[in-house]
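Make the full structure from the sequences, and use the hints.
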Amino acid sequence: MCSTMARAQITTDAIDPQALLARVADPSSGAVILFLGVVRNHNDGRGIEAMRYDAYDEMAQGTLDEILAEAEERYGVGRLAAVHRVGELGIGDVSVAIAVSSAHRAEAYEASRYVIEEIKVRLPVWKKERFEDGTSEWVAGRNPDISAEGGA
Amino acid sequence: MKVRALFFASYREIMGGADFDVDLPDGATVSDLITVLRERDDAAARLPSDPAVAVNRSYCASDAVLADGDEVAIIPPVAGG
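Residue numbers (this note's numbering), protein chains in the order written: chain P, 1 to 152; chain W, 1 to 81.
Hints may be right or wrong, so weigh each one.
What the hints assert, rightly or not - Some chain P residues judged to face chain W by a derived CB distance under 10 angstroms, without partners named:
hint : residue
1    : Gly37
2    : Tyr56
3    : Glu58
4    : Ile116
5    : Ile119
6    : Arg122
7    : Lys127
8    : Ala140
9    : Gly141
10   : Arg142
11   : Pro144
No lab work stands behind these hints, which were simulated from the structure alone. We treat Cβ as the ideally placed atom computed from N, Cα and C, and that holds for glycine.
Quick look at the structure:
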């Protein structure tokens, strides 16, 4: 099952970090980096109860795949995989996971960092915070950097 | 020609729907579509005049020319991660 998992995924299912690690396992690798983004219980001084993630699924899958391909080419790393979860998430739930394996650690760290930073500026995903007082608000995002893909 | 406009997150709330078809003259650009959308009603006027847009699932500049059947997503500032 792990070997057939797409390396870029948008999913409503809980993220399984072990499955992601299995996806990048490679006998020529000497370093494996796993990054997890998790829902925290506060933002800008306000208490948060839950977070709802929405995505433009049909585009996000392709964008995430492009980001992984760019990281692979840029840093020459062996294997990468990433998953972004959507739907209702609670505090401590994993919203995004990135696994990179490589012969050496330096490029693995750099590739992992590249992927999360590009997710933040390009992936068509949005989140709405639900505060402890029952109100909710869309998180102020960033205008997507459209230059990376060079348009249609 | 007819294009399908898609809305997400805060823009979906502004527009009051996830998607709808829009009739445009041939040769219309992304920018022309945004102008038409913003004239829909008072709430729609809150849509930015130059939002990020993806045409057929790739980000596009506002001067890109649209074609019949295009899927045009109006993309709010993104907040993944």
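Checklist entry - Which earlier hints can't be squared with this structure? => result none
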